[in-house]
Amino acid sequence: MTRRRLCFVWVVMVLVTLNMPFPSLAMDDRQSPSMLRGLQAVCVQVENLDPELKKELKKGGLTEDTLQTVIERKLEAAGVKVLSCEEFKKSDFGGMLYVNVCILMPETLQKYTYTVDGERVPKGGPTGRYLYRIDVDLRQTVSLLREPDVKGLATTWSTGSLGFRRLDRIQADVTEQIQTFTSAYTGLNPK
Numbered sequence: 002m003t004r005r006r007l008c009f010v011w012v013v014m015v016l017v018t019l020n021m022p023f024p025s026l027a028m029d030d031r032q033s034p035s036m037l038r039g040l041q042a043v044c045v046q047v048e049n050l051d052p053e054l055k056k057e058l059k060k061g062g063l064t065e066d067t068l069q070t071v072i073e074r075k076l077e078a079a080g081v082k083v084l085s086c087e088e089f090k091k092s093d094f095g096g097m098l099y100v101n102v103c104i105l106m107p108e109t110l111q112k113y114t115y116t117v118d119g120e121r122v123p124k125g126g127p128t129g130r131y132l133y134r135i136d137v138d139l140r141q142t143v144s145l146l147r148e149p150d151v152k153g154l155a156t157t158w159s160t161g162s163l164g165f166r167r168l169d170r171i172q173a174d175v176t177e178q179i180q181t182f183t184s185a186y187t188g189l190n191p192k
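Going by my numbering, the sequence shown opens with residue 2, and the numbers climb by one from there.
Since the hints were derived computationally from the structure, they do not count as laboratory data.
Where is the CB? At the ideal position from N, CA and C, for every residue including glycine.
Treat the hints with care, since some could be wrong.
Taking lysine-lysine and the BS3-like style, the derived pairs with C-alpha atoms no more than 27 Å apart in a straight line are [claimed, not checked]:
| no. | residue 1 | residue 2 |
| --- | --- | --- |
| 1 | Lys-60 | Lys-75 |
| 2 | Lys-192 | Lys-75 |
| 3 | Lys-192 | Lys-82 |
| 4 | Lys-75 | Lys-56 |
| 5 | Lys-55 | Lys-75 |
Across the chosen pairs, the derived CB separations fall in these ranges [claimed, not checked]:
| no. | residue 1 | residue 2 | range |
| --- | --- | --- | --- |
| 6 | Lys-91 | Arg-167 | 39 to 49 Å |
| 7 | Glu-148 | Asp-66 | 33 to 43 Å |
| 8 | Lys-60 | Asp-150 | 46 to 56 Å |
| 9 | Lys-56 | Gly-153 | 30 to 40 Å |
| 10 | Lys-192 | Asp-93 | 12 to 22 Å |
Construct the entire structure; sequences and hints are all you get.
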């Protein structure tokens with residue numbers, strides 16, 4: 002098999018793999034569900050999106066503010082009390098729901114690409130799909146057994162996903178990850 006053909010086969014395999022749906026990944030050991038029991042409220046912290054992609058993401062309706070609002074509304078609709086980050090710092094029974102959406106620019110938005118021979122050639126238009134990873138972590142205040150006065154934040158529950166989709170589907174995937182959290186939370190904290 003020639004080098005060019007081998008490279009083509011690898012590229013096709015990667016693209017096929019990226020187009021496959023990826024299942025959500027959630028911590029599912031024996032202790033993680035109990036970490037949600039008794040949790041009274043959460044504050045939502047959305048990590049800043051890539052500044053180089055902000056203009057493109059804003060066109061697709063994907064901004065930190067949009068995500069923050071959508072997440073808070075989903076939590077409140079599920080009966081989860083939402084705190085401001087200032088209120089969280091004063092709370093003994095709250096947690097921080099940390100959401101990180103890492104999005105990579107599709108190669109097709111770049112103006113040029115390189116052939117196997119190293120030749121620079123112009124590219125076609127954008128596909129509208131982005132490679133992304135979503136992490137949703139519940140961080141709670143914990144203390145060390147050996148020194149109970151030493152406290153800090155630690156991830157006690159998490160879920161996430163990755164894929165290759167349009168921006169509107171990425172926001173829908175964030176919503177699905179929040180649904181995973183609210184289902185686990187309401188299962189352990191019935192009203």
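Now for the hints, and whether the structure bears them out:
Distance hint between Lys-60 and Lys-75 is fulfilled; the C-alpha atoms sit about 23 Å from each other, no more than 27 Å. About 17 Å separates the Cα atoms of Lys-192 and Lys-75, which keeps this hinted pair within 27 Å; it holds. The hinted pair formed by Lys-192 and Lys-82 meets the criterion: a straight-line CA distance of about 12 Å does not exceed 27 Å. Under the criterion of a C-alpha separation no larger than 27 Å, the hint pairing Lys-75 with Lys-56 is consistent with the structure, at around 26 Å.
A C-alpha spacing of about 24 Å is found between Lys-55 and Lys-75, which places the hinted pair at or below 27 Å, so the restraint holds. Look at Lys-91 against Arg-167: about 40 Å separates their beta carbons, and that is inside 39 to 49 Å. A beta carbon spacing of about 39 Å between Glu-148 and Asp-66 agrees with the range 33 to 43 Å that was offered as a hint. Taking 46 to 56 Å as the suggested C-beta distance range, the pair Lys-60 and Asp-150 conforms, at roughly 49 Å.
For Lys-56 paired with Gly-153, a C-beta distance near 36 Å keeps the hint of 30 to 40 Å intact. In this structure the supplied range 12 to 22 Å holds for Lys-192 paired with Asp-93, their Cβ-Cβ distance being about 21 Å.
Hint compliance for this structure: no hint is broken.
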